[in-house]
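As you go down the protein sequences, you meet chains A and H in turn. Using the numbering used here, read the first sequence as starting at 1 and increasing by one per residue. Using the numbering used here, read the second sequence as starting at 1 and increasing by one per residue.
Everything labelled a hint here was simulated from the structure, so no lab data went into it. For each residue, glycine too, the CB sits at the ideal point set by N, CA and C. Among these hints, one or two may not hold up.
[As the list claims (entries may be wrong)] A few chain A residues that don't get close to chain H, going by computed Cβ distances all over 12 Å: (1) Thr24; (2) Arg42; (3) Pro69; (4) Gln70; (5) Asp71; (6) Ser77; (7) Lys79; (8) Leu83; (9) Leu90; (10) Gly99; (11) Arg108.
[To be verified] 20 Å max Cα-Cα, derived DMTMM-like pairs, lysine to aspartate or glutamate: (12) H:Lys99 <-> A:Glu59; (13) H:Lys81 <-> H:Glu5; (14) A:Lys80 <-> A:Glu22; (15) H:Lys99 <-> A:Asp71; (16) H:Lys81 <-> H:Asp39; (17) H:Lys99 <-> H:Glu5.
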Amino acid sequence: SQTIHQWPATLVQPVGSPLSLECTVEGTSNPNLYWYRQAAGRGLQLLFYSVGIGQISSEVPQNLSASRPQDRQFILSSKKLLLSDSGFYLCAWSVPGTGSQYFGAGTRLSVL
Amino acid sequence: GQSLEQPSEVTAVEGAIVQINCTYQTSGFYGLSWYQQHDGGAPTFLSYNALDGLEETGRFSSFLSRSDSYGYLLLQELQMKDSASYFCAVRDRYSSASKIIFGSGTRLSIRP
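Okay, chain A solo, but in the shape it has when bound (with noise of 0.2 Å):
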């Protein structure tokens, strides 16, 4: 069966450090994998998209990049954290060409 691994889950960095955050997925080949951010109490933004290594689609201009350097894995990374960039990110995935898509557990992040 699939699985999706998603850490931390919580993650306390002062402003202007950096940011890296790590999501695999097993038991499936070619994913489409996804990162979402959530503020509380809203919606799930989407930030970037992935369909295959190396192939990055950005959502939102901000101080965060991603990057696939494997088939089943997912960075999200930022050099510099503001305090805009706290909030509940998520990484998903699913099998291209269909419509259902499976979260991580999620990492809370405060930026002090």
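Fit chain H to the known structure of chain A by using the hints.
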């Protein structure tokens, strides 16, 4: 661009039936999905409609009318554990088949 509208809050009684509506505007359309998210948790996939009509999965059903750009999630025999936020999401045909956009969510509260 894409936009989805769903009510922000719905309240219902345990054992009753509730319907959560979603209207969407997209330049193209592949299908409508529904997700459930409990407080503090990650979204979980409930259903996907690509064609008009009703899809039933246990106590949950989802309906789609492509001509009306409208869908709904129907929850029957409500249980206290159904208290959660529910999101509709669309796959957009023309921007990218891999891009999935979420509505802002409907918070469902169940009263005994």
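Violating hint indices (sorted, rising)
Result: hints 2, 9, 10, 11 and 13 break, sorted rising.
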